[in-house]
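Student: Residue numbers (this note's numbering), protein chains in the order written: chain F, 654 to 994; chain U, 2 to 218.
Errors might be hidden in some of the hints.
[What the hints assert, rightly or not] In silico negatives: residues of chain F with every beta carbon more than 12 Å from chain U:
| # | residue |
| --- | --- |
| 1 | LEU688 |
| 2 | GLN790 |
| 3 | ASP814 |
| 4 | ARG927 |
[As the list claims (entries may be wrong)] Pulled from the structure, derived: some chain U residues nowhere near chain F, Cβ distances all over 12 Å:
| # | residue |
| --- | --- |
| 5 | MET2 |
| 6 | SER9 |
| 7 | VAL26 |
| 8 | VAL110 |
| 9 | ALA113 |
| 10 | VAL117 |
| 11 | VAL121 |
| 12 | ILE124 |
| 13 | PRO127 |
| 14 | PHE172 |
| 15 | LEU177 |
| 16 | VAL195 |
[Claimed, not checked] Distance ranges between label pairs, derived from CB positions:
| # | chain 1 | residue 1 | chain 2 | residue 2 | range |
| --- | --- | --- | --- | --- | --- |
| 17 | F | ASP773 | U | HIS79 | 45 to 51 Å |
| 18 | F | GLY772 | U | LEU174 | 26 to 32 Å |
| 19 | F | PRO897 | U | LEU31 | 33 to 39 Å |
| 20 | F | ALA885 | U | ASP183 | 52 to 58 Å |
None of these hints come from the bench; they were simulated from the model. In this text, a Cβ means the ideal position worked out from N, Cα and C, and glycines have one as well.
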Amino acid sequence: MCRRRLALLALLAPWGGSLHAQEPAAVLQRMEERLDSMQLARALRDSLALRAKYSDTVVAGGLRIATSARLRPFALAAGEEAWQSLVARFGPSVTAHGAFPVTTFGSTRSTVPKLAKAGDLARGLERSAALWIWSTQGAAVLRWMGGTVPTGTISHSDVGDIAEELLRTPARPNRACYSGETMACAAALGIHVGADTLDAWFEPDTWPRLAGMVSGELNGLERVARERCMNAGDLSACRSILTPARVLPPVGVVGRQYLVQLAFESGGASAFERLAADTGVTLEHRLAAAAGVPIDTLLNRWGASLRAVPRGPAAPPQELLLGLAWSGLLLTMALRGSRWR
Amino acid sequence: MFRAILWSQWRESRLAMVVLAGMAVAVPLLSLRGAGAVTDPWASWDLLRATARWGAAYPVLALAAALALAAGAWWPDHRTKHVYALTLPVSRVRYLLLRYGAGLTLLFVIAAVLAVSTVVATIRVPLPTLLHAYPGGITVRFLLAGLSAYTILFGLMGLTPRMARLVAAVFLLVVLAALVADLASLGWNPLGSVVDALLGPYSPLAIFRARWMLIDV
Numbered sequence: 654m655c656r657r658r659l660a661l662l663a664l665l666a667p668w669g670g671s672l673h674a675q676e677p678a679a680v681l682q683r684m685e686e687r688l689d690s691m692q693l694a695r696a697l698r699d700s701l702a703l704r705a706k707y708s709d710t711v712v713a714g715g716l717r718i719a720t721s722a723r724l725r726p727f728a729l730a731a732g733e734e735a736w737q738s739l740v741a742r743f744g745p746s747v748t749a750h751g752a753f754p755v756t757t758f759g760s761t762r763s764t765v766p767k768l769a770k771a772g773d774l775a776r777g778l779e780r781s782a783a784l785w786i787w788s789t790q791g792a793a794v795l796r797w798m799g800g801t802v803p804t805g806t807i808s809h810s811d812v813g814d815i816a817e818e819l820l821r822t823p824a825r826p827n828r829a830c831y832s833g834e835t836m837a838c839a840a841a842l843g844i845h846v847g848a849d850t851l852d853a854w855f856e857p858d859t860w861p862r863l864a865g866m867v868s869g870e871l872n873g874l875e876r877v878a879r880e881r882c883m884n885a886g887d888l889s890a891c892r893s894i895l896t897p898a899r900v901l902p903p904v905g906v907v908g909r910q911y912l913v914q915l916a917f918e919s920g921g922a923s924a925f926e927r928l929a930a931d932t933g934v935t936l937e938h939r940l941a942a943a944a945g946v947p948i949d950t951l952l953n954r955w956g957a958s959l960r961a962v963p964r965g966p967a968a969p970p971q972e973l974l975l976g977l978a979w980s981g982l983l984l985t986m987a988l989r990g991s992r993w994r
Numbered sequence: 002m003f004r005a006i007l008w009s010q011w012r013e014s015r016l017a018m019v020v021l022a023g024m025a026v027a028v029p030l031l032s033l034r035g036a037g038a039v040t041d042p043w044a045s046w047d048l049l050r051a052t053a054r055w056g057a058a059y060p061v062l063a064l065a066a067a068l069a070l071a072a073g074a075w076w077p078d079h080r081t082k083h084v085y086a087l088t089l090p091v092s093r094v095r096y097l098l099l100r101y102g103a104g105l106t107l108l109f110v111i112a113a114v115l116a117v118s119t120v121v122a123t124i125r126v127p128l129p130t131l132l133h134a135y136p137g138g139i140t141v142r143f144l145l146a147g148l149s150a151y152t153i154l155f156g157l158m159g160l161t162p163r164m165a166r167l168v169a170a171v172f173l174l175v176v177l178a179a180l181v182a183d184l185a186s187l188g189w190n191p192l193g194s195v196v197d198a199l200l201g202p203y204s205p206l207a208i209f210r211a212r213w214m215l216i217d218v
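Working from the sequences, and respecting the hints, build out all of it.
Tutor: See the structure below:
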């Protein structure tokens, strides 16, 4: 037993001595220096790998795309298409707030599929550039749109879905909004809501079910509160769960994006510039500035276009005619078939 | 003669007819089963969600009816190797029209059952303001979808064995081309293109992609 202890002490002696001799601060500093040099080495390695991967940079308007020489023509065509679309959407001063970050596309080994369309890449480039523009110049509006950048034009059928959402969600302002009350629409869209968002949006008797819809991570206390809200109807527990970030909005992201789309359509080429010009004013003022009309007019247009979409499964005449025409044609083909001839 | 052919069609597809008519009764009634009182703030939510969930049942029903009736229209002739049809003193076109008309009549019967069922289902449910019931619209859409699918399937089932083999070969070729295109990373899917063409906005089956909402805004 005594021999074993002696052997262990002899083994630890060199380390023990050196560690004791060093100050903890000096050890930490040396370790930090070593870590820094390792990180530098990694950055250099990544940079070299990136240079090996992307040998060319395409510049299309304000867009810069790091790519390979082989992919250059394809990336250039897509970049130019994306840039034109961005200028049309955000106005000519789209790069006023600095250069776009470099986008990467493919590598030296990549090839363009024979039937690949530059338009697909253009849409991807446009989407990432649009996200950058919104996050740098219209962050508050982007947050209001749930962090989702509007892509493309919202279709007729999507507008119909917004109308359905407006009548489906049991929020206080929704039905009044659908009936044409502008201020109700402002509340439903989260533009003009009082300090108590939950109470402005929903009647207390809907809160327990709304709490059941809350998704995402809840801690232990919040889970208990949700149970109390749903099972016992404890309104204070409901309030603690149904924060503005968690509660179901009366109108979702697409409805809000549609309002921005209408503002841009109304405002013309410089609509985004006006939206981004003054970040100190409220959301409704920024939207009104973008649209070039008072917010009431913009909200009226939004509500009117929702009411104008025909709903229900009633077949429109062209659908009826199309169905009958196809049936007639196919029947004629079937009658002229080769059987029994 | 039409009555005789209609009778033979009925005999061939009566089991399917009864099942489909039963489904035509059940689907609208079941879709609105859980509707609450109008005073319930969640009434619209529940109604529209249930209607959307059950909406897929209507085109499936139309397709099933078309398939059963098209098969029923040709099966007696296929079984007897077309001897009966060839012995009849009527032109081929007239005979086929009679067969087609018999199937179509039965499709109308299922649509009529659906119309009655949707009307009954929507009458029983108190609707929140600003929501509307569309029993007529959904029946017309069912009829159109059934008509398009029935006509296509009637034509396909009437093909000669040689033509049927040709159609099957073309289909296999498209599947093969899709596989090759995928392996070669061509970025093009012929099978997807065919499906898009069949379900595109101006195609005969476009109606299957429409909204099938018994209760809507």
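Student: Hint by hint, note whether the structure agrees.
Tutor: Going down the list of hints, with the structure as the test:
1. At roughly 42 Å, the least C-beta separation between LEU688(F) and chain U is larger than 12 Å, which holds for a residue marked as non-interface.
2. For GLN790(F), the condition that its CB be more than 12 Å from all CB atoms of chain U holds, with the nearest at approximately 34 Å.
3. Look at ASP814(F): its CB is around 10 Å from the nearest CB on chain U, not clear of 12 Å, so calling it non-interface is violated.
4. The Cβ of ARG927(F) lies farther than 12 Å from every Cβ of chain U, with a closest approach of about 33 Å, so its non-interface assignment holds.
5. Listed as a non-interface residue, MET2(U) keeps its Cβ farther than 12 Å from every Cβ of chain F; the least gap is roughly 17 Å.
6. No beta-carbon of chain F is positioned within 12 Å of the beta-carbon of SER9(U); the least distance is around 18 Å.
7. Chain F leaves VAL26(U) outside its interface by the beta-carbon criterion, the shortest separation being 19 Å against a cut-off of 12 Å.
8. Here VAL110(U) stays apart from chain F, with its beta-carbon at least about 18 Å from theirs, past the 12 Å limit.
9. Non-interface call for ALA113(U) relative to chain F: holds, since the shortest CB-CB distance, roughly 17 Å, exceeds 12 Å.
10. Under the 12 Å C-beta cut-off, the non-interface status given to VAL117(U) relative to chain F holds; the minimum distance is some 17 Å.
11. Every CB of chain F is more than 12 Å from the CB of VAL121(U) (nearest about 17 Å), matching its label as outside the interface.
12. A cut-off of 12 Å between C-beta atoms confirms that ILE124(U) is not in contact with chain F; the least separation is 17 Å.
13. Remark: the non-interface label on PRO127(U) is consistent with the geometry, its nearest Cβ contact in chain F lying 15 Å away (cut-off 12 Å).
14. For PHE172(U), the condition that its CB be more than 12 Å from all CB atoms of chain F holds, with the nearest at approximately 17 Å.
15. Distance check for LEU177(U) against chain F: the nearest CB is about 17 Å away, which clears 12 Å, and the non-interface claim stands.
16. No beta-carbon of chain F is positioned within 12 Å of the beta-carbon of VAL195(U); the least distance is around 16 Å.
17. Range check, ASP773(F) to HIS79(U): Cβ separation about 47 Å, and the 45 to 51 Å hint holds.
18. Distance hint for GLY772(F) and LEU174(U): a CB-CB separation of about 28 Å, consistent with the stated range 26 to 32 Å.
19. In this structure the hint that PRO897(F) and LEU31(U) lie 33 to 39 Å apart at CB holds, the actual value being about 38 Å.
20. The supplied range of 52 to 58 Å is met by ALA885(F) and ASP183(U), whose beta-carbon atoms lie about 56 Å from each other.
The earlier numbered hint that this structure contradicts is number 3, and it is the only one.
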